[in-house]
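> For the protein sequence lines, the chains are A and B, in the order given. Counting with the working numbering, you get residues 5 to 261 for the letters of the first sequence. Counting with the working numbering, you get residues 21 to 242 for the letters of the second sequence.
Any given hint might turn out to be false.
Said to hold, decoys possible - Computed list of lysine-lysine pairs in DSS-like fashion (alpha-carbon distance at most 30 angstroms, straight line):
#: 1; chain 1: A; residue 1: Lys-200; chain 2: B; residue 2: Lys-97
#: 2; chain 1: B; residue 1: Lys-85; chain 2: B; residue 2: Lys-97
#: 3; chain 1: B; residue 1: Lys-164; chain 2: B; residue 2: Lys-60
#: 4; chain 1: B; residue 1: Lys-97; chain 2: B; residue 2: Lys-164
#: 5; chain 1: A; residue 1: Lys-200; chain 2: B; residue 2: Lys-175
#: 6; chain 1: B; residue 1: Lys-97; chain 2: B; residue 2: Lys-175
#: 7; chain 1: B; residue 1: Lys-175; chain 2: B; residue 2: Lys-165
#: 8; chain 1: A; residue 1: Lys-142; chain 2: B; residue 2: Lys-85
#: 9; chain 1: A; residue 1: Lys-200; chain 2: B; residue 2: Lys-164
#: 10; chain 1: B; residue 1: Lys-85; chain 2: B; residue 2: Lys-60
#: 11; chain 1: A; residue 1: Lys-142; chain 2: A; residue 2: Lys-169
#: 12; chain 1: B; residue 1: Lys-60; chain 2: B; residue 2: Lys-175
#: 13; chain 1: A; residue 1: Lys-251; chain 2: A; residue 2: Lys-83
#: 14; chain 1: B; residue 1: Lys-165; chain 2: A; residue 2: Lys-169
#: 15; chain 1: A; residue 1: Lys-142; chain 2: B; residue 2: Lys-60
#: 16; chain 1: A; residue 1: Lys-169; chain 2: B; residue 2: Lys-164
#: 17; chain 1: A; residue 1: Lys-83; chain 2: A; residue 2: Lys-142
#: 18; chain 1: B; residue 1: Lys-165; chain 2: B; residue 2: Lys-97
#: 19; chain 1: A; residue 1: Lys-169; chain 2: B; residue 2: Lys-97
#: 20; chain 1: B; residue 1: Lys-60; chain 2: A; residue 2: Lys-200
#: 21; chain 1: A; residue 1: Lys-251; chain 2: B; residue 2: Lys-165
#: 22; chain 1: A; residue 1: Lys-200; chain 2: A; residue 2: Lys-251
#: 23; chain 1: A; residue 1: Lys-83; chain 2: B; residue 2: Lys-164
#: 24; chain 1: A; residue 1: Lys-21; chain 2: A; residue 2: Lys-251
#: 25; chain 1: B; residue 1: Lys-60; chain 2: B; residue 2: Lys-97
#: 26; chain 1: A; residue 1: Lys-251; chain 2: B; residue 2: Lys-97
#: 27; chain 1: B; residue 1: Lys-60; chain 2: A; residue 2: Lys-251
#: 28; chain 1: A; residue 1: Lys-83; chain 2: A; residue 2: Lys-21
#: 29; chain 1: B; residue 1: Lys-165; chain 2: B; residue 2: Lys-60
To be verified - Where chain B lies over chain A, by a calculated footprint (3+ residues, C-beta under 8 angstroms):
#: 30; region: 32 to 41
#: 31; region: 124 to 132
#: 32; region: 200 to 213
#: 33; region: 242 to 253
Stated by the list, open to error - Label-pair distances were calculated between CB atoms; the ranges are:
#: 34; chain 1: A; residue 1: Gln-233; chain 2: B; residue 2: Asp-44; range: 25 to 35 angstroms
#: 35; chain 1: B; residue 1: Asp-196; chain 2: A; residue 2: Gly-54; range: 50 to 60 angstroms
#: 36; chain 1: B; residue 1: Thr-144; chain 2: A; residue 2: Glu-103; range: 14 to 24 angstroms
#: 37; chain 1: A; residue 1: Gly-18; chain 2: B; residue 2: Lys-60; range: 48 to 58 angstroms
#: 38; chain 1: A; residue 1: Ala-160; chain 2: B; residue 2: Pro-209; range: 26 to 36 angstroms
#: 39; chain 1: A; residue 1: Pro-126; chain 2: B; residue 2: Arg-31; range: 40 to 50 angstroms
#: 40; chain 1: B; residue 1: Ala-149; chain 2: A; residue 2: Gly-54; range: 25 to 35 angstroms
The hints are simulated quantities; they were obtained by calculation from the structure and are not laboratory data. Even glycine gets a Cβ: it sits at the ideal position worked out from N, Cα and C.
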Amino acid sequence: MRSKVCASVGEVFGGLKARGVLQDGMTVHVGGFGLCGIPEQLIIALRDSGVRELTCISNNAGVDDWGLGLLLQTRQIRKMVSSYVGENDTFERQFLDGELQVEFNPQGTLAERIRAGGAGIPAFYTPTSAGTPIADGKETREFYRPRDDTRGFNRAGAPAGHPRKIEYVMETGLFADLALVKAHRADPFGNLVYRKTARNFNAMMATAARVVIAEVDEVVDLGAIEPDQVHTPGSYVDAVVRTVSEKRIERRTVREA
Amino acid sequence: MSQTQINGRTREEMAQRLAQDIADGSYVNLGIGIPELIAKFVPEGREVIYHTENGLLGMGPSPIKGEGDPELINAGKRQVTALPGAAFFHHADSFAMIRGGHLDLSVLGALQVSAEGDLANWSTGEPDAIPAVGGAMDLVAGVKKVYVITQHCTKEGEPKLVERCTYPLTGRRVVDRVYTDLAVIDITPDGFRLVELSPGVDFETVQERTGATLLPADGATR
Numbered sequence: 005m006r007s008k009v010c011a012s013v014g015e016v017f018g019g020l021k022a023r024g025v026l027q028d029g030m031t032v033h034v035g036g037f038g039l040c041g042i043p044e045q046l047i048i049a050l051r052d053s054g055v056r057e058l059t060c061i062s063n064n065a066g067v068d069d070w071g072l073g074l075l076l077q078t079r080q081i082r083k084m085v086s087s088y089v090g091e092n093d094t095f096e097r098q099f100l101d102g103e104l105q106v107e108f109n110p111q112g113t114l115a116e117r118i119r120a121g122g123a124g125i126p127a128f129y130t131p132t133s134a135g136t137p138i139a140d141g142k143e144t145r146e147f148y149r150p151r152d153d154t155r156g157f158n159r160a161g162a163p164a165g166h167p168r169k170i171e172y173v174m175e176t177g178l179f180a181d182l183a184l185v186k187a188h189r190a191d192p193f194g195n196l197v198y199r200k201t202a203r204n205f206n207a208m209m210a211t212a213a214r215v216v217i218a219e220v221d222e223v224v225d226l227g228a229i230e231p232d233q234v235h236t237p238g239s240y241v242d243a244v245v246r247t248v249s250e251k252r253i254e255r256r257t258v259r260e261a
Numbered sequence: 021m022s023q024t025q026i027n028g029r030t031r032e033e034m035a036q037r038l039a040q041d042i043a044d045g046s047y048v049n050l051g052i053g054i055p056e057l058i059a060k061f062v063p064e065g066r067e068v069i070y071h072t073e074n075g076l077l078g079m080g081p082s083p084i085k086g087e088g089d090p091e092l093i094n095a096g097k098r099q100v101t102a103l104p105g106a107a108f109f110h111h112a113d114s115f116a117m118i119r120g121g122h123l124d125l126s127v128l129g130a131l132q133v134s135a136e137g138d139l140a141n142w143s144t145g146e147p148d149a150i151p152a153v154g155g156a157m158d159l160v161a162g163v164k165k166v167y168v169i170t171q172h173c174t175k176e177g178e179p180k181l182v183e184r185c186t187y188p189l190t191g192r193r194v195v196d197r198v199y200t201d202l203a204v205i206d207i208t209p210d211g212f213r214l215v216e217l218s219p220g221v222d223f224e225t226v227q228e229r230t231g232a233t234l235l236p237a238d239g240a241t242r
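Excised from the complex, chain B in its bound form (with noise of 0.2 angstroms):
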């Protein structure tokens, strides 16, 4: 696919994007990549309590340098810390927590998404490949809403918004709404419907690279 060079949003931007929707007060969980850059821009003033799927509630920025604990970690395996008011648990009752609904948002990476919200993002299929399912699966079975924060196209510039996911799925209608490089949009019994394109990007070209239909915002008229 030939493509013009379109600047949109920097990986930091559509983390930042991304975070002014987070409401205050939500129990978040935030997946590996992109996703974890949300934290550093929720808005000051709200209040933000993050999980993770090893087992803590309240979960906080990386160490200091000379503080780290070998045991608190995050479900990346990295460093972090527990905040005032954090909680530990194991692993059936964290996952309790994601199933039973008991979390107000997660935020996933893709390799692709469909028009029904189906989601694709732990193993492309292919022979050589080592599937990653991990916490995924239960993420978009349980979680009340599900965020996508992804690159519109693949490095390849294939689309990764997709009438139909052509990877193994990691569920079915489970998507909420995806941020991308050039656009935030929802998924709808529509299909995807735009929310509002990136700074100097034109609707002709978010269409042009999704590979579905995309439906004008609400309200507006084309």
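Same shape as in the complex, but just chain A (with noise of 0.2 angstroms):
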């Protein structure tokens, strides 16, 4: 197989540019939680393309200078898909001021709609948001609790004085144009390797694209990841680039020893 390892970000976007890839008011992908596990590169060449009117899909909004705030500070994104964006002047202002749109999704659903969308699964059902704002609007339905379910209750009916059903809210999948993930270490196959809380979004994303990029710490040799250790196996990925990223930290928090 053609290796799947590029020389720059430079080239991995010309090429996505030359497929056509990068269309303003495409939705994107961008891994990592607050600081952590961001395609920071990416993220930088994202703006740099002058692409518009973005929808991304982002636990958070980066801040003010950094990750995905750069591509607020251009008025590059039109929507943000998040559960969290506090820390970032630029997100609160344009939101405030209606620019932006911001759809908030609870983190575990936001999880899970990636994870859905990318596994084929157009909507599910869950028992977060239920009787909250974040679920007006949306399809409802009662089901017993799976873990007071061993005997499939939920197709055949339970017999009486069994715990009542609860209400569950459904909620779409998601995929996007594109995915711009964080991974530690790739080898030229795709074959990816997350470290430690680096992981968080970058998993699902890698999964639920239609062109999936990685920016990882380190290439190595084809074989040099035992396959019991691969993350997201490398049909999942169109490109790697090994990058050498600044690693920002928003809150240090250190004692002394």
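Since each chain sits alone in its own frame, please combine them into the complex, following the hints.
What follows is the structure in structure tokens.
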């Protein structure tokens, strides 16, 4: 198989442009939680590509001068699908001015929507957000909680005295035109290994887009990653590029020895 | 509301009080704010395994100066450590653990808690407020037990324990117990029921500062 490793971020984006992947109005998954595990160099390249009116699916919106904050500053983002967006004045201003649309998702719902999208599941029911404004306008349905349902009562009907059904909210799967993810290690097949809590949303996003690009700390030879240790199998990944990441820390917290 | 000064528990004392109720061997998720103080007060000899939403079970304290790792943080974006036996996983797995009922206890802060156990803690609903959804709705929907730790009243003296929440809900009928500066209170099918008063605080004071009927502690005669 042809190696998926690209020599530079420029080569990756040149390829995306040539293939017509970069379109105004496109939807982009951007991995990371806070500033941890963000594809920082790919975000900069996305900004420099000049693509506009983006919908970005990302748990957070970076900080003012790093991560997705960079694309907010240049007003390339029309809509964010996120769970939490504090720590960013640019975001706050654009949100309160009504320039930026935001769809707030509970964090676990966001994660599961991306997982479902990647797994070919168009919708699912979750107990999260039932009875809250997040569920407004969404379809709801009652089920027995799975752990109260070892006998399959959700299909067959339960005998009297069984724990009552509770309300579930239907949520849809999320699939993007492009996913930008950050991993620690890759091989030429595109097999990915993440590191510590930088795995976060990257692993699901890598399964849920037409084109998936991984920014990595190191590229190793074929066979150097133990098959048992692969987190994202290479079939999901279109291109890999090694970068030197700054890995900024949002809240430095230490204790004295 | 005019109130005489009552010296209830401090934030640290509230955390210390709650820590006494965490059973040995529990899998626990601690929210941001006062809940973060709890870990250091868990009585010696009890082993508690901490989960953090961004993909770590077996979270340890903040790193020693000079040993921090930018790729090892908690849900509050603070640097942490991973203890021996820890596991890393992605967000969908982390919330499967939460939603699927595989954690024993979630401790969260609150804007309001209702007598039926409704929780409001993500938005004041005001036009200039940025909602903070985060992972709280998943935690309250799935974790086996949900404890709230909060000041009994707002800075303006308004009760946070109310008949019905006026702020947007995080979850409906989800809170089991509330720890405040003034008291420990259970949510029961009959409403708020006192478990215990903070030292130097009397029942009438707590009732006066609670926006719904407070039932006396089980077995108490009044």
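> State for each hint whether it applies.
Going down the list of hints, with the structure as the test:
1. A:Lys-200 x B:Lys-97: holds (14 angstroms)
2. B:Lys-85 x B:Lys-97: holds (17 angstroms)
3. B:Lys-164 x B:Lys-60: holds (22 angstroms)
4. B:Lys-97 x B:Lys-164: holds (25 angstroms)
5. A:Lys-200 x B:Lys-175: Not satisfied, since the Cα-Cα distance of roughly 39 angstroms exceeds 30 angstroms.
6. B:Lys-97 x B:Lys-175: holds (26 angstroms)
7. B:Lys-175 x B:Lys-165: holds (28 angstroms)
8. A:Lys-142 x B:Lys-85: Outside the cut-off at roughly 48 angstroms; violated.
9. A:Lys-200 x B:Lys-164: The hint holds at about 26 angstroms.
10. B:Lys-85 x B:Lys-60: holds (18 angstroms)
11. A:Lys-142 x A:Lys-169: holds (18 angstroms)
12. B:Lys-60 x B:Lys-175: holds (26 angstroms)
13. A:Lys-251 x A:Lys-83: Between A:Lys-251 and A:Lys-83 the Cα gap is close to 25 angstroms, so the pair holds against 30 angstroms.
14. B:Lys-165 x A:Lys-169: holds (19 angstroms)
15. A:Lys-142 x B:Lys-60: Since the Cα atoms of A:Lys-142 and B:Lys-60 sit roughly 41 angstroms apart, the hinted pair is violated (cutoff 30 angstroms).
16. A:Lys-169 x B:Lys-164: holds (17 angstroms)
17. A:Lys-83 x A:Lys-142: holds (20 angstroms)
18. B:Lys-165 x B:Lys-97: This hinted pair holds, its Cα atoms lying about 24 angstroms apart.
19. A:Lys-169 x B:Lys-97: Measuring from Cα to Cα gives roughly 36 angstroms; hence the hint is violated.
20. B:Lys-60 x A:Lys-200: Since the Cα atoms of B:Lys-60 and A:Lys-200 sit roughly 24 angstroms apart, the hinted pair holds (cutoff 30 angstroms).
21. A:Lys-251 x B:Lys-165: violated (36 angstroms)
22. A:Lys-200 x A:Lys-251: holds (13 angstroms)
23. A:Lys-83 x B:Lys-164: violated (35 angstroms)
24. A:Lys-21 x A:Lys-251: holds (27 angstroms)
25. B:Lys-60 x B:Lys-97: Between B:Lys-60 and B:Lys-97 the Cα gap is close to 19 angstroms, so the pair holds against 30 angstroms.
26. A:Lys-251 x B:Lys-97: holds (13 angstroms)
27. B:Lys-60 x A:Lys-251: At roughly 29 angstroms apart (the allowed maximum being 30 angstroms), A:Lys-251 and B:Lys-60 satisfy the hint.
28. A:Lys-83 x A:Lys-21: Given that 30 angstroms is the threshold and the Cα spacing comes to 22 angstroms, the pair holds.
29. B:Lys-165 x B:Lys-60: holds (20 angstroms)
30. 32 to 41: Per the Cβ count (5), the hint holds.
31. 124 to 132: holds (count 3)
32. 200 to 213: As far as the region 200 to 213 of chain A goes, the hint holds, because 9 residues have Cβ atoms under 8 angstroms from chain B.
33. 242 to 253: holds (count 3)
34. A:Gln-233 x B:Asp-44: 25 to 35 angstroms: holds (33 angstroms)
35. B:Asp-196 x A:Gly-54: 50 to 60 angstroms: holds (52 angstroms)
36. B:Thr-144 x A:Glu-103: 14 to 24 angstroms: Between B:Thr-144 and A:Glu-103, where Cβ atoms are some 22 angstroms apart, the hint holds.
37. A:Gly-18 x B:Lys-60: 48 to 58 angstroms: holds (52 angstroms)
38. A:Ala-160 x B:Pro-209: 26 to 36 angstroms: Hint holds: Cβ distance 29 angstroms, inside 26 to 36 angstroms.
39. A:Pro-126 x B:Arg-31: 40 to 50 angstroms: With Cβ atoms ~46 angstroms apart, the hint holds.
40. B:Ala-149 x A:Gly-54: 25 to 35 angstroms: holds (33 angstroms)
The structure fails hints 5, 8, 15, 19, 21, 23 (numbered hints given earlier, in ascending order).
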